[in-house]
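Colleague: Protein sequence lines correspond, in order, to chains A and B.
Residue numbering for the first sequence follows the working numbering, beginning at 1 and increasing consecutively.
Residue numbering for the second sequence follows the working numbering, beginning at 568 and increasing consecutively.
Some hints could be false.
Within a straight-line C-alpha distance of at most 16 Å, the following computed EDC-like cross-link-like pairs (lysine to aspartate or glutamate) qualify [said to hold, decoys possible]:
(1) A:Lys543 - B:Asp627
(2) A:Lys521 - B:Glu719
(3) A:Lys543 - B:Asp751
(4) A:Lys289 - B:Asp810
(5) A:Lys423 - A:Glu192
(6) A:Lys289 - B:Asp626
(7) A:Lys509 - B:Asp626
(8) A:Lys289 - B:Asp697
(9) A:Lys517 - B:Glu719
(10) A:Lys509 - B:Asp696
(11) A:Lys517 - B:Asp810
(12) A:Lys462 - A:Asp343
(13) B:Lys618 - A:Asp74
(14) A:Lys521 - B:Asp697
Taking beta-carbon pairs under 7 Å as the criterion, some of the chain A residues facing chain B (in silico) [what the hints assert, rightly or not]:
(15) Ala124
(16) Thr224
(17) Phe292
If you anchor each label on the Cβ, the simulated ranges turn out as follows [said to hold, decoys possible]:
(18) A:Gly108 - B:Leu774: 41 to 49 Å
(19) A:Asp132 - B:Met575: 56 to 64 Å
(20) A:Gly108 - B:Ile593: 13 to 21 Å
(21) A:Pro216 - B:Thr702: 33 to 41 Å
(22) A:Arg353 - B:Lys618: 53 to 61 Å
(23) B:His678 - A:Gly108: 52 to 60 Å
(24) A:Asp132 - B:Thr628: 21 to 29 Å
(25) B:Thr628 - A:Gly108: 26 to 34 Å
For the record, the hints were derived by calculation from the structure and aren't laboratory data.
Just so it is clear, CB atoms sit at the ideal spot from N, CA and C, and this is done for glycine as well.
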Amino acid sequence: MGVTSKKKLWASFSLILALCLAIVGCSGGNNGKGTADQSDSSAGSGSGASASDDTKPITISAFISTPNQQPTPDNRIYKKIKDELGVTLNMEFLVGDLQQKLGVMIAGGDYPDLITADPKLVSAGAVIPLEDLIDKYAPHLKEHYAKYWNRMKDPSDAHIYWLPNYGAYTGDVHINYYSGPAFWIQKDVLKEAGYPTPKTLDDYIKLISDYAAKHPTTPDGQPTIGFTTLAYDWRTFPLLNAPEHLTGHPNDGGVVVDNGVASVFADKDIAKRYYKVLNGLYNNGLMDKEAFVQNYDQYLAKISSGRVLGMFDQHWNFQPAEDTLISQNKIGQTYVGFPLTYDSSIKDYYLDRPVINLNNGFGISVDAKDPVRIIKFLDALMDEKYQKLLSWGEEGVDYEVGKDGKFYRTPEQRKQQEDPTWKLANRADGFYGAAPKMEGTYSDGNATDPGSQPEEFYESLKPQDKELLAAYKHKTWTDFFSPPPENPVYYPAWQVDLIDGSDASVASKKMNDASLKFLPKAVMSKPDQFDSVWNEYVDAYGKIDVKAYEDRINDQIQWRIKNWSNN
Amino acid sequence: MRGQKQLMLMSLPILIYVALFSYYPIWGWTMAFQNYKPARSFAQQEWVGFKQFKFLFSDDTFLGVLRNTIGMSLINMVSGFVTAIVFAILLNEIKHKLYKRSIQTISYLPHFLSWIIVTGIVANSLSVDDGIVNTVLMKLGLIHSPVLWLSEPHYFWGIVGASHVWKEIGWNAIIYLAAITSIDPSLYEAAEIDGANRYHKMLYITLPGIRSIVVILLIMNLGWILEAGFEVQYLLGNGVVIDWSQTIDIFVLKYGLQVGNYSLATAAGIFKTVVSITLIVAANTIAKRFGEDRLI
Numbered sequence: 001m002g003v004t005s006k007k008k009l010w011a012s013f014s015l016i017l018a019l020c021l022a023i024v025g026c027s028g029g030n031n032g033k034g035t036a037d038q039s040d041s042s043a044g045s046g047s048g049a050s051a052s053d054d055t056k057p058i059t060i061s062a063f064i065s066t067p068n069q070q071p072t073p074d075n076r077i078y079k080k081i082k083d084e085l086g087v088t089l090n091m092e093f094l095v096g097d098l099q100q101k102l103g104v105m106i107a108g109g110d111y112p113d114l115i116t117a118d119p120k121l122v123s124a125g126a127v128i129p130l131e132d133l134i135d136k137y138a139p140h141l142k143e144h145y146a147k148y149w150n151r152m153k154d155p156s157d158a159h160i161y162w163l164p165n166y167g168a169y170t171g172d173v174h175i176n177y178y179s180g181p182a183f184w185i186q187k188d189v190l191k192e193a194g195y196p197t198p199k200t201l202d203d204y205i206k207l208i209s210d211y212a213a214k215h216p217t218t219p220d221g222q223p224t225i226g227f228t229t230l231a232y233d234w235r236t237f238p239l240l241n242a243p244e245h246l247t248g249h250p251n252d253g254g255v256v257v258d259n260g261v262a263s264v265f266a267d268k269d270i271a272k273r274y275y276k277v278l279n280g281l282y283n284n285g286l287m288d289k290e291a292f293v294q295n296y297d298q299y300l301a302k303i304s305s306g307r308v309l310g311m312f313d314q315h316w317n318f319q320p321a322e323d324t325l326i327s328q329n330k331i332g333q334t335y336v337g338f339p340l341t342y343d344s345s346i347k348d349y350y351l352d353r354p355v356i357n358l359n360n361g362f363g364i365s366v367d368a369k370d371p372v373r374i375i376k377f378l379d380a381l382m383d384e385k386y387q388k389l390l391s392w393g394e395e396g397v398d399y400e401v402g403k404d405g406k407f408y409r410t411p412e413q414r415k416q417q418e419d420p421t422w423k424l425a426n427r428a429d430g431f432y433g434a435a436p437k438m439e440g441t442y443s444d445g446n447a448t449d450p451g452s453q454p455e456e457f458y459e460s461l462k463p464q465d466k467e468l469l470a471a472y473k474h475k476t477w478t479d480f481f482s483p484p485p486e487n488p489v490y491y492p493a494w495q496v497d498l499i500d501g502s503d504a505s506v507a508s509k510k511m512n513d514a515s516l517k518f519l520p521k522a523v524m525s526k527p528d529q530f531d532s533v534w535n536e537y538v539d540a541y542g543k544i545d546v547k548a549y550e551d552r553i554n555d556q557i558q559w560r561i562k563n564w565s566n567n
Numbered sequence: 568m569r570g571q572k573q574l575m576l577m578s579l580p581i582l583i584y585v586a587l588f589s590y591y592p593i594w595g596w597t598m599a600f601q602n603y604k605p606a607r608s609f610a611q612q613e614w615v616g617f618k619q620f621k622f623l624f625s626d627d628t629f630l631g632v633l634r635n636t637i638g639m640s641l642i643n644m645v646s647g648f649v650t651a652i653v654f655a656i657l658l659n660e661i662k663h664k665l666y667k668r669s670i671q672t673i674s675y676l677p678h679f680l681s682w683i684i685v686t687g688i689v690a691n692s693l694s695v696d697d698g699i700v701n702t703v704l705m706k707l708g709l710i711h712s713p714v715l716w717l718s719e720p721h722y723f724w725g726i727v728g729a730s731h732v733w734k735e736i737g738w739n740a741i742i743y744l745a746a747i748t749s750i751d752p753s754l755y756e757a758a759e760i761d762g763a764n765r766y767h768k769m770l771y772i773t774l775p776g777i778r779s780i781v782v783i784l785l786i787m788n789l790g791w792i793l794e795a796g797f798e799v800q801y802l803l804g805n806g807v808v809i810d811w812s813q814t815i816d817i818f819v820l821k822y823g824l825q826v827g828n829y830s831l832a833t834a835a836g837i838f839k840t841v842v843s844i845t846l847i848v849a850a851n852t853i854a855k856r857f858g859e860d861r862l863i
């Protein structure tokens, strides 16, 4: 081997060595940086304050927990925000399972600046306390949340980590549109039956079976489906929550609360009664055979085809399917919700008073470089000017102002708003859904969104809808429901954080597994086998530590009663 | 030693790479013996000994989960092996170039589809609403009413196995096809002179000719026996079939990652690794007994 080749060898070796060192160096460096950042930003805003410059362009990354579509790059509203506030939003929307996504994020310790609310992130130390930041830099937010300040404090350490996205109200509240749970039924079914008002489960089933008997297929030739449900991923409430409503309880999730004491109902007789009815439906061929194996997309596709006569669900959950029906102008196949009960002596409690949506909305992560700038940005958006931009759109483009100062939309503008593709280029719904927002009424007397503006709501109704509401002598969709009583202090119990890894959260998973395994079996069994399957289910349930789950919820209910009563 | 210096130098980067990405992460196994909470330093973690392993093995669903994992994995491995070898041998017999190429291309294309697409296709074909499987079976008169394939626990393994075969058969066959081409053509000629027909040649020349490749691949695949997959079972499974569809990975996702119990997930990972290493060593020893080529 000559001298030159030896030199070459050494050169290549040192190159390789350098490369290796670089790899090692990088990984080590990253770790160091991560911890340094954490301690830095969790210490608060000290160093960040001087660095903030309110107009300097900045990109804020955000993770949003709903599976929206990305807006177009030249989206009108986001562009306006960028031009006026200097903020470019780099949003990541959920794909797949949220808990899994958050688990991976925590395991990697790598967070976006703004992050969707979840108790898991608090226990992982992923988010910074916000109360000082809000006090110092965000007067609008402070005012917005003033009424709810105590409730927003985390039960574990009394810090505020999240800015709830829904449920903070100002001024008069008009709720015209109903987005909560109900038994939904197609408008055509009601029309054909002469607009009856089903009160009980039996009335409802009769309506559906009569219609299905007369119309075995839809106008475009597909077989009609009488009733469907969904039990996929975390969206199990369409299958599991109906019994609590049928017995006149409000939506507390997996428990019913009587006199301040929560108890699980999934394996009790009140649940058995409901699934027995579904079993009857199934054996009469009215229940969707694939109800229990379908995923969320298949569920939506089925509803958007107009074949499904009814289901129990929350309106927002099947909203995308209804939007498709509206854009195809199949208004007769959209739905009206009814507050059914087991018998008419039970008063329905489906509609509830708005509660602050705890454990929802945005928090600021420990990785955020400039928390002050971010909170100032969110605060700036709370200005009515931007609230109107995000909710109504641009004056003269998305809405008009009448002589009396009332906002309204022209028929063309309304038409545009129904087009999902147009919205991606002209609305900022993805971000606005998760951001803090005003609800109720603006200082100029206009409602905070077009659907709540009484005149605009009525004008935006389709002729079929006007006819239907007139037939029932109702003005809004919420008139079908009993007016809600004052909320109990602890309400709602479904917001209780079960704490990751605790016995309660393990029990909750197991309860869910048992229900998803046995309830479909029970519903799909022959009528004479129903009871034996049900007994198997109750046995399986008995082996789970249900008490751990109930205890955690009761514990939190007592905590809320103690800490929230004087709020 | 002297003569090997350059070789040793050249293998150094690989050693560093392996140390960094394969051995250093083993440090993370300590998590399995803690009640690991993210964002705390090592010293602040709480040590719990074998608690996570105890939870894993005392949970009454875990045995079922283990059975599903091994069961589906075996089905996938055996059916994947057998079909790919048979397919490769049959394909090798086709002399028409264009025909052979097109079949090969068509058969390995599904390999490049992601599981989410494949499971979508599977779910659609098995649907009771005009799914192709039910339609065909009804037309043939084999069944009278559509079968709800995906809500029958006992069909689940079969469905998963069949999906695997459909997706991977062409891709797995490639390596056997390559091995077949290396068989000495004079063997076939000699056999022909001795009066062997086509089937004799397949059985007595082609098959033994690729035997060593088969054994090595078998040993390597045994190491993955606890990797029955996650996506297929997760995407096709539902509450009704959970007793037969849940694999270790799904169990870990639900009771480990989703409830924030990372220690449990690590414990399950260690368990999988130990079983895999044991199986590989065992298979390797057996191969040695039979005088076959070995991996190590």
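Colleague: Does the structure break any of the earlier hints, and which numbers would those be?
Modeller: Per hint list: 3, 4, 5, 6, 10, 12, 13, 14, 16, 21, 22, 23 and 24 violated.
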